[in-house]
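Residue numbers (the working numbering), protein chains in the order written: chain A, 1 to 317; chain B, 1 to 169.
Hints are computed from structural coordinates only; laboratory data are not their basis. Predicted, not measured: the structure shown is a model, and the values here were computed from it. Built from N, CA and C at the ideal position, the CB exists for glycine as well. All clues stand as given, with none of them false.
Label-pair ranges, simulated between beta-carbon atoms: (1) B/E165 - A/R51: 28 to 34 Å; (2) A/G212 - B/D24: 54 to 60 Å; (3) A/G290 - B/S44: 38 to 44 Å.
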Amino acid sequence: MYNPQLTSDGKLKHLLSIEGLPKKVLVQILDTAESFVSVAQRDVKKVPLLRGKTVCNIFFENSTRTRTTFEIAAKRLSADVINLNVNTSSQSKGEAILDTVNNLIAMHTDMFVVRHNQSGAAHLIAKHVPDNISVVNAGDGRHSHPTQGLLDVFTIRKYKPEMHNLRVALVGDVLHSRVARSEIHALTTLGVPEIRVIAPKTLLPNEVEKLGVHVFHDMKAGLKDVDVVMMLRLQSERMSGAMLPSTQEFFKTYGLTPEKLALAKPDAIVMHPGPMNRGVEIDSRVADSGQAVILPQVTYGIAIRMAVMAILAGGAA
Amino acid sequence: MQLPNPETLLSDITTKITALIKPDTAIVGIHSGGVWLMERILASLEQAVPHGTLDAALYRDDFAQRGLKNQSQAANIAFDVQGKHIILIDDIFYTGRTTRAAINELFDFGRPASITLAVLINRGGAELPIQPQIVGATIPLTSNQRFQLSQTTQGKLNLALEITEDADV
Numbered sequence: 001m002y003n004p005q006l007t008s009d010g011k012l013k014h015l016l017s018i019e020g021l022p023k024k025v026l027v028q029i030l031d032t033a034e035s036f037v038s039v040a041q042r043d044v045k046k047v048p049l050l051r052g053k054t055v056c057n058i059f060f061e062n063s064t065r066t067r068t069t070f071e072i073a074a075k076r077l078s079a080d081v082i083n084l085n086v087n088t089s090s091q092s093k094g095e096a097i098l099d100t101v102n103n104l105i106a107m108h109t110d111m112f113v114v115r116h117n118q119s120g121a122a123h124l125i126a127k128h129v130p131d132n133i134s135v136v137n138a139g140d141g142r143h144s145h146p147t148q149g150l151l152d153v154f155t156i157r158k159y160k161p162e163m164h165n166l167r168v169a170l171v172g173d174v175l176h177s178r179v180a181r182s183e184i185h186a187l188t189t190l191g192v193p194e195i196r197v198i199a200p201k202t203l204l205p206n207e208v209e210k211l212g213v214h215v216f217h218d219m220k221a222g223l224k225d226v227d228v229v230m231m232l233r234l235q236s237e238r239m240s241g242a243m244l245p246s247t248q249e250f251f252k253t254y255g256l257t258p259e260k261l262a263l264a265k266p267d268a269i270v271m272h273p274g275p276m277n278r279g280v281e282i283d284s285r286v287a288d289s290g291q292a293v294i295l296p297q298v299t300y301g302i303a304i305r306m307a308v309m310a311i312l313a314g315g316a317a
Numbered sequence: 001m002q003l004p005n006p007e008t009l010l011s012d013i014t015t016k017i018t019a020l021i022k023p024d025t026a027i028v029g030i031h032s033g034g035v036w037l038m039e040r041i042l043a044s045l046e047q048a049v050p051h052g053t054l055d056a057a058l059y060r061d062d063f064a065q066r067g068l069k070n071q072s073q074a075a076n077i078a079f080d081v082q083g084k085h086i087i088l089i090d091d092i093f094y095t096g097r098t099t100r101a102a103i104n105e106l107f108d109f110g111r112p113a114s115i116t117l118a119v120l121i122n123r124g125g126a127e128l129p130i131q132p133q134i135v136g137a138t139i140p141l142t143s144n145q146r147f148q149l150s151q152t153t154q155g156k157l158n159l160a161l162e163i164t165e166d167a168d169v
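Sequences are here, hints too, so could you generate the full structure?
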């Protein structure tokens with residue numbers, strides 16, 4: 001089957017979604033990221049791998065956090081980075097996107113990091129660019145956000161290396177989360193035996209069971225004996241219509257409090273992709289506790305993005 | 001070809017390295033062979049010497065052609081490089097490109113006072129103005145031959161001569 005993410009000999013060509021990545025490539029990215037974690041702890045926080053390469057962050061949708069982490073990652077690899085925030089209101093058709101991309105190709109960009117509110121935007125660009133250019137999806141619509149999924153899996157592997165023994169729970173707005181799908185795919189591929197999703201019916205996609213997850217609507221039952229609690233951000237800005245009674249009501253039922261967390265294993269870790277809605281999906285007492293690994297997730301996110309860019313740049317020749 | 005015993009070569013370079021050790025000396029091994037050698041050398045020293053490991057994969061000049069090796073290791077330099085006399089250890093010296101990459105990586109940790117290169121075998125074929133100062137043996141090979149150092153589970157070194165198909169490797 002044709003997979004636009006891979007070269008004919010199975011190497012990573014673009015990173016568009018975690019779906020369709022063979023286990024070998026997934027593990028290669030995680031292992032490579034290990035060697036980049038320590039770069040940030042040096043005097044000179046830079047390695048020369050992407051020296052002379054130009055990385056262009058094209059953000060059709062605003063996301064300062066994601067853009068910043070990609071920018072730092074590219075700069076730590078010694079690439080030159082250009083940030084482009086494109087106003088989506090002026091462009092509704094795919095053609096306009098490709099015009100923007102053509103201009104940047106003419107400026108000899110080597111890699112595109114693409115964020116768009118429409119699913120498939122990164123695929124469209126990947127199909128369009130010449131062979132020597134790689135595309136990284138930095139989040140598209142509800143579809144996927146592969147580097148976030150990878151950094152979450154990396155964080156889990158760091159704290160809980162025995163992945164074939166884990167019970168992982170994803171809690172909250174699964175429907176609007178582009179992380180959740182990436183996550184479930186990656187965890188399944190890496191052999192995590194039990195993945196749970198805990199959410200109200202209105203925040204679950206149709207037929208979510210088909211992804212191989214166990215569905216819970218009750219937080220207390222769902223959190224019992226889990227090793228990893230992955231809180232999802234309540235995407236209020238993406239929510240059209242009334243799917244929820246109120247955020248207070250949501251917190252009461254699905255917010256992670258110390259009392260609910262006590263039902264998980266005592267050494268369970270708590271993750272959140274950020275930015276957190278304190279008092280909506282997570283209690284500050286949990287977010288700031290020793291069990292939270294939310295800031296390490298940010299640190300590891302840089303290493304994962306460095307690994308992805310390094311692998312793409314190395315395979316392009 | 002009669003291959004030398006790598007254990008003999010190791011004890012030979014260990015003697016030479018021991019003679020160089022001063023209070024501000026540090027030892028750095030290059031993955032993987034250089035790290036095995038370093039650990040053996042450290043074990044035979046009477047005093048503790050600051051030490052670390054490098055992979056240099058992130059600094060290689062052939063990255064664009066070869067990409068990253070899957071098993072590239074993080075550098076682990078826990079001592080202050082500034083002002084140290086560093087003895088860099090690798091197993092086989094060939095083109096000098098690994099050494100160049102390792103020197104560049106070391107400089108990103110600080111400014112050493114000096115760097116000395118110690119290798120088990122110099123197989124000839126340097127492509128850069130870089131030469132090892134401490135050498136166990138010099139055995140010139142043709143471009144389709146290569147030495148492969150390995151370590152047994154008991155920690156003994158083993159040396160093999162391999163014929164590669166690709167003359168440019």
